[in-house]
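*Asks:* Sequences listed follow chains A and B, in order. Here the first sequence is numbered in my numbering, starting from 1 and rising by one per residue. Here the second sequence is numbered in my numbering, starting from 1001 and rising by one per residue.
I should point out that these hints are in silico values taken from the structure, not numbers from a laboratory. Since we're looking at a predicted model, the values are computed, not measured. Virtual Cβ for every residue (Gly too), placed ideally from N, Cα, C. Treat the hints with care, as some may be off.
If you want the footprint, here are the derived chain A segments under chain B, 3+ residues with CB under 8 angstroms [claimed, not checked]:
#, stretch
1, 161-167
2, 206-215
3, 220-234
4, 521-530
Now for the letters of each chain:
There are 2 protein chains.
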Amino acid sequence: MNALSPAEQTDTWLYTFEKSLTKNDSNSASKLFQKDCYWRDLVVFTWNIKTSEGQTEIADMLSAVVSKIQPSNWKRDGDPTVKDGVIECWITFETRVAQGRGQVRLIDGKCWTLLTTMKELKGHEEKKGQNRGRGAIHGAFKDRKSWQELKSKKEARLGYEDQPYCVIVGGGQGGIALGARLQRLGVPTIIIESNARAGDSWRKRYKSLCLHDPVWYDHLPYLPFPDDWPVYTPKDKLGDWLESYVNIMELNYWTSSICTSANYDGSSGEWTVKIEHDGKLVTVRPKQLILATGMSGVPKMPNLPGIEGFKGELQHSSQHPGGEGYEGKTCVVIGSNNSAHDICASLWENGADVTMTQRSSTLVARSETLVDLGSRHLYSEDALAKGITTEIADMTTASRPYRVLTELQKPVCAEMQKRDKGFYARLEKAGFDLDFGEDGSGLFMKYIRRGAGYYIDVGASELIANGDIKLKPGQVAGLSANGVLMEDGSELPADLVVCATGYGSMNGWAAQLISQDVADKVGKVWGIGSNTTNDPGPWEGELRNIWKPTQQDGLWFHGGNLFQSRFYSEFLALQIKARAEGIATPVYALQETHHKS
Amino acid sequence: MNALSPAEQTDTWLYTFEKSLTKNDSNSASKLFQKDCYWRDLVVFTWNIKTSEGQTEIADMLSAVVSKIQPSNWKRDGDPTVKDGVIECWITFETRVAQGRGQVRLIDGKCWTLLTTMKELKGHEEKKGQNRGRGAIHGAFKDRKSWQELKSKKEARLGYEDQPYCVIVGGGQGGIALGARLQRLGVPTIIIESNARAGDSWRKRYKSLCLHDPVWYDHLPYLPFPDDWPVYTPKDKLGDWLESYVNIMELNYWTSSICTSANYDGSSGEWTVKIEHDGKLVTVRPKQLILATGMSGVPKMPNLPGIEGFKGELQHSSQHPGGEGYEGKTCVVIGSNNSAHDICASLWENGADVTMTQRSSTLVARSETLVDLGSRHLYSEDALAKGITTEIADMTTASRPYRVLTELQKPVCAEMQKRDKGFYARLEKAGFDLDFGEDGSGLFMKYIRRGAGYYIDVGASELIANGDIKLKPGQVAGLSANGVLMEDGSELPADLVVCATGYGSMNGWAAQLISQDVADKVGKVWGIGSNTTNDPGPWEGELRNIWKPTQQDGLWFHGGNLFQSRFYSEFLALQIKARAEGIATPVYALQETHHKS
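With the sequences and hints as input, model every part of the structure.
*Replies:* Below is the structure:
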């Protein structure tokens, strides 16, 4: 039992830690950590997103960065909490150029996990609250320009007379959230969206689609949903919200625009980006290019022998318009992940005869259970009532390094299997091949490792269990004139075949837009090197190449679910703002390329 | 010195008060108030907006309502504050049909002011927070309808197959805020807006217009402005916000629509409202009709002899497009209130030669001073930092009955004169005829009494003081061929004459839309019977005919500034919801008609 109170222990640790850092004594500083320890840094120490694991990695990192970063003024932010012998406390600190905030977890007076994040760049804070703009200019002026005139002029010039500092390709929630952050920071940015209206990327998807995460997890930055917003947002409602959000945030959002090519000139540090905009070809020259075309990459179509002789309709799941119009048709869906389930259910609802082919095991989690065990303690009305705001919830989520998170997820996944035992038994009885992750770490880790391999059940599993959706296990050999040929020799007749066969890595967009060389140089995006299916090692400890610098100067990837779009857009925006302001941004441990896709 | 703590004094008072009410002993209850006392009720006791003044009026009110209302469960909501011997405490209570909240102020153990307001109708609470809708319907259903399909169908039927319960004429901030409240309460409502887009009523005004109140005072219900919103919102930005708000709140908002007539059938309790909508004439039959066409009524044009011979351009201020296009022109503005000043400044900024005619004294207040002395303690970042949310600020504002407020405003106005002494001296030196209200109660009371008679200085006063805007005191006799004739025999040459001569009472809209009879039956809207210019007695104690029942069944007026639109829309919506649900709404002290306009 420690004689000091948790607050005193935290203060003592912070004091000793600061002293070591001030003396640039990386070795002593690393010794203030447990043997099993993690320091997760979001931008403020490493100008990167980097988790250092163990005392040696921490000492190495500190040796490389501390003299440049000059951290100081470490303070507790509120009182610590204690649970199972772990003291947990929010902290603030600063560096030469930034304000920081974070969290420390102590065991027996030594640090188990440390989170450090950049809050704002000194002298480049967002203009809000007391520092917001005036709006009206009181007085009388002969050359007065109204807000509307200034705005219209700026919009008309940007991309033509004036060059944007950033171009974001893709105007979904990712591009929009990042655009809003950059707008607040005063970084001239154009968002390129191929659709006619903001939100169309949601509107155009199949009719029954709703967000799978509950509303508390889904807020965009700066403008939370009103308190009557439905728990699971219907896709058209989300589309309308995004459109309003773009207007309210005054984003430079080019609709009906296609980015056709991008080339980087290393000597000028400038991209040449060609865009079809309003029917004209426009060339813009930003310093930074962000691909925000979704965390999924280019649609993957399987190699299907006999495809040319197939008489029916063949689609990738991304092209599937929804089940309307397929009444009475015989449909085969290849794949058994989220899209496959949603499409099967929609086809069944519309009166089609539906078969799902399952090629490999799939993790299924009931939506209610997932919310209950997964996000409720941080993202819910109950959490809000306990004072856990979205910001606190996000920082808490971020405070768990992926290796720690993996271990934390295992008992949650076991509890889910226990709770929904009957549900899983019925699915297995119907022939469904279930898994819970190779190490039993469940759905969220599958999402982090490969962004696929699971279904969040909102209704289709019942149709599989009761046989309304027919299940065909096994590999697809090809297509016949009238349907799908399986490796076991059987044939599934089909008027429609939907390949819900997933997507490539996001760097596939870079190959299309820039070049295969650049795509290969950057390498695979997403995944943490867990050495499980579709996420080969070596261990990275952080998602590859997203929200952080890549091997290609001036090229960034942004995406993910609504939480990730909200949270990580802040750190990506700060990295870009620093570059726009000419602040030195020495990147520690730049992502290495181990896999091309 | 009272031996009890402030909290104990409040508890004691509430306990004794509740006992008297439970026994229906109005006389005893009224004796718990000071001799000089006020009970301001918003809907929950009186189904009206009513301030009872003095023990006798309070006893009379209680005798009439208590047995029907059945108030109970009076409780302190937090700890009281004490200032200058006044104990101030938030309270909650309930009635047979509603939850209530309010505030009590005690002096020497007796009540000085009591505020009671309806919070929600039991069983008809807004569906928010924990009780929000689900959005997605999990499961699989053969007849699934998406959110978009249901919404489109509902919109297409409303006003045709389905009748709205309410029609709101006027889609400015007033109609929109009320529409959002009714939407939350599930009352089918159509908002009729003549312009092509929501927000156009702002966009179409003169270029330099910004809100005169700071942002903290201007939030709409449910969706506060983001924290970087400018202090004084430019008019086009407000227009864009209103348009987004209409979409986000899913209001049934009919643009490019004109309400041409409305007639009430007393036997069916139904209006027949004719609307030109999308080029077709549509007849709808709501139970409630709300005129939300602005707190100003029909534009008032003065009787100007010689008008037919005038060769220049003549406009009412409401028609004035802004100063652009008047460069080099000679312009005369008749009037010296807000619009007159704004128009003069805009004309000057655009290079016109400008003369303002001042017909009577005007109150001028510098915008900065007004914010500093007037609203800063409740509506500002400082207030927010002290925990004064918009809701608390609104309730605090509401807790001051108009007679008390008048007295509170006098020292504020005196302080303003002191602080801006040099400013006022320069204006007077330029010949400007100043006043500070007939009883020195200042700008806000002028707004409440007559909605006119003042200018919030954002720049024009300097132009008057330095002679850039010429000032001509005196009455206008008429127009000559070339300008304005003054009663002193002088002539002001003019290419443009703008009559900034104000507006009639809101019941003028009822005369145009319904009939002169109904307009006369309802009488004047706005003003509190202060027996000052344009606000004749008798004393009413509350604004006439707005946000509360009128002498015409099913006819309501809604409007005011953004605070009033936000705050009073809640109580108007609750009155309408109660009627929609068939809850008894016995109105106490229905507004009597003392003045036709």
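*Asks:* The structure should be examined with respect to each hint, and the outcome stated for every one.
*Replies:* For each hint, the structure was consulted:
| no. | hint | in the structure |
| --- | --- | --- |
| 1 | 161-167 | violated (count 0) |
| 2 | 206-215 | holds (count 5) |
| 3 | 220-234 | holds (count 11) |
| 4 | 521-530 | violated (count 0) |
Figure legend: structure checked against the earlier numbered hints; hints not met, in rising order: 1, 4.
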